[in-house]
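A.B. asks: So you can see what is in the structure, the chains are spelled out below.
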Amino acid sequence: MTTAPDGPSPPGSYPVVVVGSGPGGLQVSYALGRLGVRHAIVSADEAPGGMFRRWPFFQRLLSWTKPFAPADRATRAYERYDWNSLIADEPENRALMLREMDGTSYFPSRPEMERNLAAFAAQTAIPVRYGCRWTGTRAETGPAGERFVIETTDGEYRCRTAIFAVGVAEPFMPVTPGFEHAAGYADTRPAETYAGKRIFIAGKQNSGFELATGLLPWARQIVIASPSAAKLSVNTRSLVGIRARYLQPYEDHVLGGGVTILDAAIDSIDRTADGLTVALRRTDGGADLDVVVDEAIAATGFVAPLLDLPALGVATFGHSRLPAQTPFWESATVPGIHFAGTIGQGAGGLKKHGIPSNSGAVQGARYNARVLARHVAADLGITQAEVPIPADALVDRLVAEANGTAELWHQKAYLGWTATLRDGSFTDAGIQPLAHVLDADGPDAVILTLETDGSGATYPVVYLRQGGETEERVLDPDPFLDFSGREHRRQFADVVDRARGTAASRIPGAAHA
Amino acid sequence: MPTQDAIVDAIAGMALFADLSRPRLEAVAHTFEERFFPAGERILRQGLTGSGFFVIIDGEASVVVDGSARATLARGDFFGEVSILLGEPPVADIVAVGPLRCLVLGGPDVEPFLVDHPRVMYRMLQAQARRLRNANRWRS
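Chains as they are written, first to last, in this note's numbering: chain A, 1 to 513; chain B, 1 to 140.
The set of hints was computed from the structure by calculation and includes no laboratory data.
Mixed in with the good hints there might be a few duds.
[As the list claims (entries may be wrong)] For the chain B half of the interface with chain A, some residues (derived, Cβ under 10 Å), not all of them:
no.: 1; residue: A15
no.: 2; residue: D19
no.: 3; residue: R22
no.: 4; residue: P23
no.: 5; residue: T31
no.: 6; residue: E34
no.: 7; residue: P38
no.: 8; residue: R45
no.: 9; residue: G107
no.: 10; residue: N134
[As the list claims (entries may be wrong)] Output of the computed footprint for chain A on chain B, the stretches with three or more beta carbons under 8 Å from beta carbons of chain A:
no.: 11; segment: 47-61
no.: 12; segment: 117-124
Since the structure is predicted, the reported quantities are computational estimates derived from the model, not experimental observations.
Here a beta-carbon is modelled for each residue, glycine too, at the ideal position from N, C-alpha and C.
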């Protein structure tokens with residue numbers, strides 16, 4: 001069916017089609033709209049942010065928005081302290097999360113997050129076609145070459161560029177014998193229905209610890225197990241591992257408070273007269289165990305709901321079946337298919353020191369979406385003029401970017417700010433994926449990112465690209481995360497002098513600035 | 001996409017992990033992260049800090065020093081450990097020859113992993129000894 005019904009984003013042909021109305025879909029649609037890229041956006045849900053009507057079970061998000069922060073609200077610098085609002089050019093559309101929070105916690109509740117997304121979609125007029133489910137995908141050759149057909153419950157959409165922002169929120173259930181006796185994370189009941197019960201939780205990610213935290217006041221005993229040891233974010237000094245607000249079960253475990261955390265592979269789950277017997281094979285060298293419980297819950301991760309994209313050739317990897325992606329979030333195996341939102345974590349970037357980007361969370365994915373929109377727009381011939389940077393202003397600019405650019409704070413060693421050098425003059429080439437600017441050929445450039453190395457230190461890193469060679473300059477960390485002092489200015493100035501001096505010496509006739 | 005079980009099966013056949021029991025292999029499969037690199041993508045970058053320890057589970061990678069290819073790595077081979085052990089940037093680019101799947105451990109996790117798994121450390125030492133012997137043969 002290709003008849004165009006009423007409403008926004010009706011079926012038809014578009015340069016770009018976006019699937020999904022979570023934070024990723026809304027943000028990329030907003031950015032495409034501001035760049036003047038005609039596109040459709042469809043969603044199976046009836047309102048924005050469907051995931052936040054389902055998870056987390058125990059009501060509050062993991063990501064904070066600080067009512068009081070060193071930066072003024074509705075400024076770009078404030079975005080560093082607000083992990084939940086979508087980003088906008090207009091001050092009145094910024095920091096919308098704050099407006100919806102009741103002040104009892106700096107972690108928004110699920111309804112508050114939903115209202116935040118709905119307000120953004122309404123205020124910025126995102127043309128989402130709700131209740132329109134993506135049902136299939138195929139490639140066809142049209143008059144202008146290869147294009148995709150997005151099949152939906154409302155009809156077919158044709159496009160050269162498809163952007164899937166469908167989340168990584170489909171619970172994954174292992175095939176281990178007996179897991180049919182376990183409830184999935186999605187089937188967890190209200191906490192009070194577990195009163196007095198012995199509970200086994202498979203999985204030591206945040207979802208497992210979220211469940212355990214919610215069940216602490218109710219369960220008689222909680223056993224949490226998975227093959228590898230629990231990582232704690234306070235130890236990894238990153239967002240890797242269990243976040244601080246779900247650490248209470250861990251403390252109960254180490255203090256002997258009715259919670260046991262084991263490093264063990266789950267061999268089987270059997271129903272017996274006494275309940276469920278979970279057979280565990282220890283991976284930490286301890287003796288194998290049988291644990292008898294009343295109920296088992298599998299908090300064994302989530303996968304990306306890619307529908308038929310793998311059959312179209314989209315390669316996936318890892319436990320979450322993420323699509324393999326280029327640094328610009330394009331399928332590594334099917335050009336033209338892109339990803340936005342949390343699914344974009346499949347573009348891993350450099351993962352320096354083993355620390356991933358924040359692409360799996362709103363505060364990282366929102367910036368990826370803006371970079372992706374610019375990239376897609378450029379493919380369609382819509383480019384942004386590169387603004388010149390006065391010769392004596394680059395050091396100030398580097399200091400300002402290192403201290404106030406939220407992209408660099410939230411996407412450390414993943415997104416970078418680039419100043420390119422042509423004919424002796426610098427221009428602002430904006431925010432780009434760091435893996436792209438480091439690996440692609442290009443003009444001489446100064447590339448700035450922030451980095452953290454797992455020791456707790458955060459510091460600027462500047463890459464100098466000159467004549468195809470790239471040199472890395474790691475600047476000093478600062479305990480107050482302030483890179484505007486005299487020593488940092490000196491270090492930035494040193495980099496700029498080197499960039500300018502070397503480049504000038506290689507450009508015949510160029511004045512030495 | 002290989003399942004978790006398929007990854008356990010794959011690493012069970014590798015010399016590096018040959019001494020580990022099945023539960024220990026499952027822990028390794030959970031501890032390491034799987035990554036996919038399309039053809040031509042750089043995995044390690046010569047001279048740039050912050051690398052990781054990579055074990056190839058599918059595909060091939062080229063070792064490129066100052067722009068020239070020196071060797072090819074394949075399934076079961078590993079790389080990145082030298083720069084982590086020495087705390088120095090990698091001395092070569094590692095580039096995916098075709099689609100490449102690896103298991104990866106971030107730099108800061110390598111020392112605790114090796115200390116917890118002495119048999120893996122021993123196997124790694126054997127591989128390093130073999131590389132050193134071959135390098136010496138090549139020189140003589």
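A.B. asks: Hint validation: R22 (chain B) versus chain A, beta carbon distance must be below 10 Å. Holds or violated?
C.D. replies: holds (8 Å)
A.B. asks: Could you check if E34 (chain B) really has its C-beta closer than 10 Å to a C-beta on chain A?
C.D. replies: holds (4 Å)
A.B. asks: Given a cut of 10 Å on the nearest C-beta pair, is the interface hint for P23 (chain B) held or broken against chain A?
C.D. replies: holds (4 Å)
A.B. asks: For the segment 47-61 of chain B, does the count of residues with a C-beta closer than 8 Å to a C-beta of chain A reach 3?
C.D. replies: holds (count 6)
A.B. asks: Does the interface hint hold: is N134 (chain B) within less than 10 Å of chain A, judged Cβ to Cβ?
C.D. replies: N134 (chain B) check fails; min Cβ-Cβ to chain A is 29 Å, beyond 10 Å.
A.B. asks: Let me know if the C-beta of P38 (chain B) comes in closer than 10 Å to any C-beta of chain A, holds or violated.
C.D. replies: With a minimum Cβ separation of about 4 Å from chain A (threshold 10 Å), the hint on P38 (chain B) holds.
A.B. asks: Do the numbers back the hint for A15 (chain B), that is, is its least Cβ distance to chain A under 10 Å?
C.D. replies: Hint on A15 (chain B): violated, closest Cβ of chain A at ~21 Å, above 10 Å.
A.B. asks: For the segment 117-124 of chain B, count the residues whose Cβ lies under 8 Å from any Cβ of chain A; is that count three or more?
C.D. replies: Coverage by chain A is violated for the segment 117-124 of chain B (0 residues, Cβ < 8 Å).
A.B. asks: Against chain A, is D19 (chain B) within 10 Å by beta-carbon distance?
C.D. replies: violated (14 Å)
A.B. asks: With a cut-off of 10 Å, does the beta carbon of R45 (chain B) approach a beta carbon of chain A closely enough for the hint to hold?
C.D. replies: Since chain A brings a Cβ to about 7 Å from R45 (chain B), closer than 10 Å, the hint holds.
A.B. asks: Do the numbers back the hint for T31 (chain B), that is, is its least Cβ distance to chain A under 10 Å?
C.D. replies: holds (4 Å)
A.B. asks: How about G107 (chain B): closest beta carbon in chain A under 10 Å, or not?
C.D. replies: holds (5 Å)
Consistency note: the structure conflicts with the earlier hints numbered 1, 2, 10 and 12.
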